[in-house]
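Counted from 1, the sequence shown has number 461 at position 461 by full-length UniProt numbering; the numbering is strictly sequential.
None of these hints come from the bench; they were simulated from the model.
Incorrect hints may appear among the rest.
[Stated by the list, open to error] The calculated EDC-like cross-link candidates involving lysine to aspartate or glutamate, where the alpha carbons are at most 20 Å apart (straight line), are:
| hint | residue 1 | residue 2 |
| --- | --- | --- |
| 1 | LYS60 | GLU371 |
| 2 | LYS716 | GLU761 |
| 3 | LYS70 | ASP163 |
| 4 | LYS60 | ASP83 |
| 5 | LYS616 | ASP543 |
| 6 | LYS109 | ASP163 |
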Amino acid sequence: MVIGVPPVFEGLTRELGKIVEQPLLGPKAKFPPATFGFARKDLSGRRKPQAIAHRGYKAKFAENTLGAFKGAVEVGADGLETDLHLTRDGVVVLSHDKDLKRCFGRDEKIIDCDYEFISKLRTLKEPHEPMPRLSDLLEYMAQPGLENIWVLLDIKLDNDADDVMRLIGDTIGSVPPLPSRPWQSRIVLGCWAAKYLPLCSRYLPGFPVSHIGFSTLVASHFFTVPNVSFNMAHAVMMPWDRLFIRKAQSDGRPVYAWTVNKECHMRWDIRHGLDGVVTDDPKLFVQVRDSWHEGVKDGVSVMAWLDVLRVNFFCLIYTFLFQLRFGFQDKEIITLQAGQCGNSVGQQFWQQLCQEHGINKDGNLEDFATEGGDRKDVFFYQSDDTRYIPRAILLDLEPRVLHSIQASPYKNIYNPENFYIHKDGTGAGNNWGMGYSMGEQVHEDILDMIDREADGSDSLEGFMMLHSIAGGTGSGLGSYMLERLNDRFPKKLIQTYSVFPNTQDGDIVVQPYNSLLSMRRLTQNADSVVVLDNGALTRIAADRLHVMNPSFEQTNQLVSTVMSASTTTLRYPGYMHNDLVGIVASLIPTPRCHFLMTSYTPFSGENVEQAKTVRKTTVLDVMRRLLQPKNRMVSTNPTKKSCYMSILNIIQGEADPSDVHKSLMRIRERRLATFIPWGPASIQVALTKKSPYVTSSHRVSGLMLANHTGIATLFKRIVAQYSTLRKRNAFLESYKREVPFKDGLGEFDEAKEVVQGLIAEYEEAEDADYLTKETAPTDEAEDKRAG
């Protein structure tokens with residue numbers, strides 16, 4: 001049984017019949033209640049909805065102007081409602097439309113214009129006014145005497161989600177509030193799509209959130225998020241969704257209706273106890289509200305009811321279109337496997353994904369795989385004969401591993417056109433420079449494969465690379481492809497699963513050179529790097545498998561298990577962490593600090609042979625084990641100042657949400673995790689189902705993805721080992737022969753500088769004044785954490 005939450009749309013086809021159970025939102029999505037947004041009581045104790053001015057006093061003034069907001073306050077509005085867009089230069093402005101046509105008579109889009117240009121325009125409607133910024137509205141609200149006026153921000157979906165939320169946070173933080181009323185008690189963040197919730201939590205912690213929508217069926221799923229209020233299209237609540245209103249009220253959640261301009265509808269809202277009415281004419285609503293009493297008839301005519309039905313019909317269509325664009329559409333990920341390690345791990349990964357989704361060795365769906373509710377299309381596509389084919393590109397400069405995959409039991413699942421073996425088949429000789437140079441020579445052939453896969457995707461979200469940084473192909477060719485991917489797909493996310501060498505007992509003498517050179521590309525060209533080092537993997541495998549010297553196949557099984565678990569929320573999606581950006585945004589507070597460590601427990605028979613058995617698993621036991629340093633798949637030497645920047649625990653199996661919250665409280669009481677002083681000290685949790693097609697010997701398993709400053713100690717060891725070799729000029733001749741070093745060894749110096757900067761960044765993140773420190777500009781890649 002999956003302990004979870006109400007079902008989520010897969011679409012409005014088949015009369016909304018096909019729905020799936022979805023996992024619990026993590027506790028970090030718990031928002032404070034908007035206590036200031038509840039209905040006010042009159043002298044008789046009757047609830048009277050608040051008057052919320054839609055885009056200001058729109059009935060009399062040009063919408064979303066300071067004149068409209070001031071006019072609304074003057075006629076007795078309790079709250080204001082406005083819409084947010086971004087200009088090209090990152091200014092948050094107040095506009096419902098994404099272009100300037102309707103209100104200003106211009107054809108330009110707001111996102112294509114600088115604010116200096118927009119500020120000179122005037123509305124077509126009198127009195128002719130400029131488009132205000134969010135900061136202008138907040139400065140007005142910060143005047144004495146306006147303490148009780150609050151605002152609902154309608155955050156539009158046309159902008160980059162991460163950018164708009166970050167800049168809204170910056171803007172609110174730049175305007176001092178009245179001492180008696182902080183902005184958290186006067187601003188509600190209005191979100192249409194659930195993907196904005198983790199961004200609200202990250203950039204505006206402590207601010208209440210309201211779901212804006214036109215379907216109470218969709219809105220009902222937000223009951224799983226504590227304290228989210230509702231701002232619903234008025235027509236969808238008349239007359240059949242009174243149960244929704246009662247449910248929200250019993251949960252202590254405000255319910256607002258938009259946009260209500262007819263007196264009969266205003267009276268209906270008052271009678272049914274809504275908390276607020278969003279209206280173009282706040283003066284009219286105040287008059288209707290003040291004159292209303294129990295004996296007043298609503299006066300909703302037959303024509304008015306027909307109008308309600310008409311609006312509901314269009315809402316149904318609009319909901320379907322909205323779901324297609326912003327809902328639970330599969331977002332595909334293309335996987336690149338580079339070198340011996342990357343392809344060996346990838347082989348295990350695809351085998352495990354096939355088993356979890358009920359796909360047989362030929363790519364066909366098994367007869368028993370009928371449960372549905374999973375997203376196979378994230379990692380697979382269907383061929384013309386309906387077989388499931390991995391979205392995978394397999395790259396190597398020597399043929400041995402790829403030939404073994406082509407002869408393996410799962411050989412038929414791969415697209416044969418997506419294998420690239422260098423024609424010479426000589427490999428890169430454990431030389432980063434050779435791998436990089438060969439990448440330059442053959443990159444067009446590889447990019448053709450990537451373009452073909454990208455063109456076959458409906459909604460490509462990004463790329464996942466599997467490689468090692470110690471040898472020649474995974475490090476050199478992998479580095480070159482990271483650069484090309486970043487250039488060719490600048491808006492797509494790039495996540496790597498990078499296997500670091502055992503720094504204590506490596507078998508490649510030049511691995512410090514290869515590792516340092518690779519680290520530069522991982523820092524500058526990847527958005528998220530999951531670090532797995534051979535030293536920790538060998539230690540964990542030896543402990544769990546009871547073998548002295550674990551084989552590469554056994555450690556690869558550990559890696560593939562981690563990869564499978566870390567992608568579970570993408571393949572069995574919920575409201576949060578259901579796409580790559582949701583995971584990246586929740587774990588990476590600043591673009592450069594994007595190196596993640598993992599823990600997993602328990603490794604058991606269904607995923608790793610010979611693993612230790614665990615007699616009983618509980619949520620608390622799993623979450624406690626995940627925090628134990630011995631279970632981390634990275635060998636670090638944390639200092640006393642080392643701390644977590646973020647944690648996401650993905651819990652699979654039969655886990656009750658109440659157990660999760662109890663476990664989090666126990667962990668906090670015992671102080672088992674130390675967090676950065678300048679950020680939220682909370683563990684995010686996503687509950688997700690186990691595959692119904694894989695037998696499990698335990699109730700609960702867990703994966704921890706964590707951003708921890710202690711990872712810098714691993715990077716320090718790499719730099720130290722590099723410096724030892726470089727000081728003696730050891731083994732440099734083979735590098736000097738390659739193209740990247742034709743003008744000298746500056747490539748090494750630049751790489752060392754980048755890695756030292758990364759180490760310094762993680763160390764500075766341990767300080768309370770990290771966010772306020774002045775930093776030198778960097779040439780790091782654009783932050784692509786977009787929704």
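Hint check, failures only: Violated hints: 1, 3; rest satisfied.
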